[in-house]
Each structure stands twice: as C-alpha cells, then as structure tokens.
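Work out the full structure, taking the sequences as your base and the hints as a guide.
Line by line, the protein sequences give chains V and X. Under the numbering used here, the first residue of the first sequence carries the number 174, and numbering increases by one thereafter. Under the numbering used here, the first residue of the second sequence carries the number 174, and numbering increases by one thereafter.
I should point out that these hints are in silico values taken from the structure, not numbers from a laboratory. Fair warning: there could be bad hints in the mix.
Because identical chains share one entry, a pair is satisfied inside a single copy or across any pair of copies.
No more than 16 Å apart at the CA atoms, straight line, and that leaves these computed lysine to aspartate or glutamate pairs for EDC-like [what the hints assert, rightly or not]: (1) Lys390 x Glu328; (2) Lys390 x Asp270; (3) Lys390 x Glu338; (4) Lys390 x Asp329; (5) Lys269 x Asp329; (6) Lys390 x Glu273; (7) Lys224 x Asp329; (8) Lys331 x Asp270; (9) Lys224 x Glu210; (10) Lys269 x Glu328; (11) Lys269 x Glu392; (12) Lys214 x Glu288; (13) Lys224 x Asp300; (14) Lys390 x Asp339; (15) Lys224 x Asp313.
Protein chains: 2
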Amino acid sequence: MVAVRKVKSYGGVMGISERKERQRAELREQILRVAREMVVKEGFGALSMRKLADAVEYAPATLYLHFENRDAIARELCVRGFGEFLAALEPGARVKDPLERLMAMAAAYVRFGLEHPETYRLIFLEDARLSTELFRDAPDGAGPRSFALLAGVFEDLKAAGRLAEDASPTRLAEVTWAGLHGIVSLKLTCAAFQETTAEELQASLVETLVYGLPGLKGEKPARARR
Amino acid sequence: MVAVRKVKSYGGVMGISERKERQRAELREQILRVAREMVVKEGFGALSMRKLADAVEYAPATLYLHFENRDAIARELCVRGFGEFLAALEPGARVKDPLERLMAMAAAYVRFGLEHPETYRLIFLEDARLSTELFRDAPDGAGPRSFALLAGVFEDLKAAGRLAEDASPTRLAEVTWAGLHGIVSLKLTCAAFQETTAEELQASLVETLVYGLPGLKGEKPARARR
DNA sequence: GTCTATAGGCTGATAGAC
DNA sequence: GTCTATCAGCCTATAGAC
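Take a look at the structure:
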C-alpha cells in the first residue's frame with residue numbers, strides 16, 4: 174500500500190504521521206511473522222516474549238507497545254491459522270459433484286494437517302478457550318466458514334434428493350469433520366498407528382462413511398438406515 | 174498384602190527392612206495418587222514437583238528419592254491411564270454380536286473420554302513422545318490391547334464371511350478409532366460444534382461407517398465398494 | 001518509542017546437614 | 001530418609017531513564 178500525500182510538498186505533518194503509522198504496522202507485522210516462525214519450528218509452548226524480542230532484535234518491553242500480552246499474539250496467530258486452513262480447503266470445495274468434492278476436501282484437510290502440523294496444533298489442539306472463542310464469537314470467521322464448506326457437501330446431496338428425508342447435513346458434516354480431525358490429531362499427538370498412512374486412512378474413512386462397511390452382509394438392526 | 178515374617182519372634186532384621194520397604198512403597202503410591210488428583214483437577218501442565226511435594230507434605234527433594242524426575246511420574250500416570258481406558262472398553266468388548274459390540278465399545282470409548290477428560294488428555298493428547306513410546310515399546314500394554322479389542326470386531330465380521338474378501342480389519346479399526354478419537358478430542362479441545370452431543374455424534378459415526386450415508390442414491394465411482 | 005533494569009513469579013533439580 | 005537452603009534457569013510484565 175503506497176502512502177497518499179495529504180499536502181503538496183516535502184510530505185509535511187500528515188506525511189510524517191503516516192510514515193510513523195506505517196513503520197508501526199510494519200514492526201507489528203514483523204513480530205507476528207517471527208512469532209509464527211517460532212511456533213511452527215518449536216511449537217506453541219516455546220513462544221516466549223523474551224525469545225521473540227531477541228529474534229526481532231528489540232527489547233521485550235517493546236513488544237508490549239504492539240500487543241497487550243502474549244495471549245494477544247497467540248490469538249492473532251490463531252486467527253491467521255484458521256485463514257490458512259480455510260484457504261487450503263477452498264480449492265477442493267469448488268469441485269462440482271458433491272461426493273467428489275467430499276473426497277477432495279477430505280484430502281485437502283488431511284494434507285493441511287500433515288504439512289502444517291504446528292498451525293493445526295495451534296488452531297485445533299492447543300488451547301480450548303482460544304479456538305472455542307474464535308468459533309463462537311466470529312460466526313463469519315474462517316473457522317465457521319470452513320465448516321460451512323464441508324456442510325455444503327451434504328446439503329447439496331440432500332437438495333438433489335440423494336439422501337434420506339430425515340438425514341441431517343449438519344450432523345453428517347460434524348461426523349466427517351470429527352473423523353478427519355481424529356486422523357490428523359492421532360498422527361500428530363500419538364503416532365501409534367503405524368500400519369496405515371494418514372492419506373490411506375482418510376480415503377478409507379470417506380469411502381466407508383459414504384458406502385458403509387465393504388460388502389457387509391447380515392441382518393440389520395431395526396433402527397439402521399434411518 | 175500382609176507381611177510374611179522370616180524370623181520367629183519380634184520381627185527382626187528382615188521384618189524391619191520389610192516394613193521399610195512397605196512404607197517406601199506406600200509413599201510412592203501416595204505420591205502417585207496425589208499427582209493423579211492434581212492432573213485430573215488442573216491439567217497435566219499444572220503438575221509441578223513443588224506443588225506435588227506440598228500436597229503430600231514432604232520436601233521437594235524427597236520426591237526424587239522415589240522418582241527419577243517429573244517425567245517418570247508422568248509416565249507412570251500415563252501407563253495407569255491406559256489401564257483405566259482398557260478397563261472401560263472391556264465390558265463392551267464382551268458383547269457377542271460384532272456390530273452390537275462395535276456400538277457398545279464406541280459408546281464406552283466416548284463415555285470414558287468425556288467422564289475422564291484429563292486422563293484422556295494425558296494418554297492421547299498431551300505428549301506425543303510418551304504415548305507413542307508406550308504403544309511401541311509395550312506391545313502387550315493396555316494401549317495396544319485396547320486397539321486389539323476394537324480390531325476384534327472387524328476380524329470377527331470377516332471370519333464370519335460378513336465382509337468383503339479384500340477388506341482390512343486393521344484398517345477399519347484404525348478408521349473407527351480415529352473417528353472416535355476425533356469426536357472426543359474435538360469436544361475436549363475445541364467445543365466448537367455445539368449442535369450435536371458427543372453421544373449423538375458417536376451413534377451417527379458408527380451407523381454411517383457401518384451402513385453408509387443414509388439413503389444414498391446416485392451412481393457410484395468405479396473404485397467404491399472395494 | 002525504545003531502552004535498561006528489575007520486580008516477582010514460576011520451574012526442575014541438587015548439596016549437604018541431620 | 002528427610003530436611004533446609006539454594007542453584008540456575010525460565011517466564012510475563014512493568015517502571016522509569018533517555
């Protein structure tokens with residue numbers, strides 16, 4: 174963004190205050206950039222005001238002129254993390270056919286989680302208060318919009334008459350989301366299941382959710398297929 | 174456990190050392206009991222040697238006579254947590270019919286996670302190194318055995334000829350596990366999806382995994398139903 | 001705006017007296 | 001075995017000089 178001069182020559186009062194404003198915003202941005210780097214490299218717990226100040230080559234006290242406290246930095250990083258997450262889902266969400274779209278979005282979800290583990294951690298695993306706040310207090314934020322993209326799959330299926338009358342798109346979206354989240358977070362926090370890669374698990378999850386257990390035979394309980 | 178006397182009268186050397194041994198074990202047990210309480214109440218991060226020492230009314234240094242360091246306490250708590258988890262799954266695992274068993278175990282899994290959030294956190298969400306170690310280095314530990322119980326559902330289905338020839342019980346178990354883990358961990362770390370309770374999500378997850386999307390119509394991609 | 005200096009916490013862990 | 005005392009380090013946040 175280029176500064177707009179408010180007086181004709183040499184800048185002047187407005188020019189100076191604008192430059193200051195710009196420099197201030199730049200420093201703020203730099204702090205966030207470096208903070209993000211630290212979180213991505215060493216995890217969220219390793220983000221400390223001292224180390225951050227060192228890294229941007231300012232005194233710790235200076236950080237407090239730009240952010241109220243450490244939490245404010247974390248919150249900002251979290252907001253941006255949700256933005257990146259949404260951006261990662263969007264290409265897949267443009268696929269026409271709902272089932273293909275579901276597969277594409279699921280793949281994008283898992284890929285994002287594996288490629289940006291610390292970002293994923295930050296927004297979904299780190300601080301319950303933070304992510305809950307961001308979901309609840311910003312209905313138009315990137316978090317809710319990401320969920321809406323996924324819910325769209327099931328809404329479209331239902332609108333096309335391809336789902337049962339009493340099927341709940343929201344609930345199906347939540348179940349799918351939970352499944353994907355489970356795959357990613359098991360890989361991130363407990364790499365216990367070595368037998369199957371996350372991508373394979375994701376493919377199996379979607380396929381099984383859509384079509385049921387492969388080749389299932391036998392009597393079905395009364396309340397099934399509702 | 175009642176002490177067995179090795180000499181006939183008044184106790185004697187062996188009796189004294191046994192009493193000491195017993196007292197030592199009792200203190201160790203008390204430390205773990207209090208540590209568990211602290212973790213359950215305030216979270217794993219809040220477990221500090223000083224506060225723990227305060228709570229058991231010993232000096233901090235005393236703890237180090239019973240545990241090498243803080244990690245050793247965490248590891249012990251984790252092992253016991255897996256034990257509790259396994260115990261929670263076992264009743265459901267005794268159900269005869271595989272599909273009913275799946276439902277019972279899924280319900281038990283989610284119930285355990287919601288009723289013992291801090292234990293669940295400790296064993297599945299807290300420290301990747303810790304739980305991974307416990308899974309990998311103790312193939313007969315409670316963690317792997319829990320997974321084996323779940324895998325049994327799909328092995329039994331396949332053995333009964335109720336699944337496709339090329340279906341992988343292990344993979345289906347991993348997918349199911351991931352789904353359940355996702356439900357619990359979303360509730361614990363990001364209570365964003367308020368619309369549906371964890372129990373409802375769990376029921377929908379199992380039903381959808383077993384039978385597919387409710388009333389799905391439309392052409393299926395070639396590779397489906399494999 | 002930026003600095004130095006520091007307050008006032010917390011932490012895990014240990015040396016050495018008793 | 002248990003204690004006191006303490007080391008050595010981390011942390012967030014702020015007061016006050018420049």
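The hints, checked one at a time:
no., hint, result
1, Lys390 x Glu328, "between (29 Å within a copy, 14 Å between copies)"
2, Lys390 x Asp270, "between (29 Å within a copy, 13 Å between copies)"
3, Lys390 x Glu338, "between (25 Å within a copy, 12 Å between copies)"
4, Lys390 x Asp329, "between (30 Å within a copy, 13 Å between copies)"
5, Lys269 x Asp329, "within (10 Å within a copy, 39 Å between copies)"
6, Lys390 x Glu273, "between (26 Å within a copy, 14 Å between copies)"
7, Lys224 x Asp329, "neither (49 Å within a copy, 55 Å between copies)"
8, Lys331 x Asp270, "within (13 Å within a copy, 33 Å between copies)"
9, Lys224 x Glu210, "within (12 Å within a copy, 34 Å between copies)"
10, Lys269 x Glu328, "within (13 Å within a copy, 37 Å between copies)"
11, Lys269 x Glu392, "between (36 Å within a copy, 15 Å between copies)"
12, Lys214 x Glu288, "within (13 Å within a copy, 34 Å between copies)"
13, Lys224 x Asp300, "neither (21 Å within a copy, 23 Å between copies)"
14, Lys390 x Asp339, "between (24 Å within a copy, 14 Å between copies)"
15, Lys224 x Asp313, "neither (34 Å within a copy, 43 Å between copies)"
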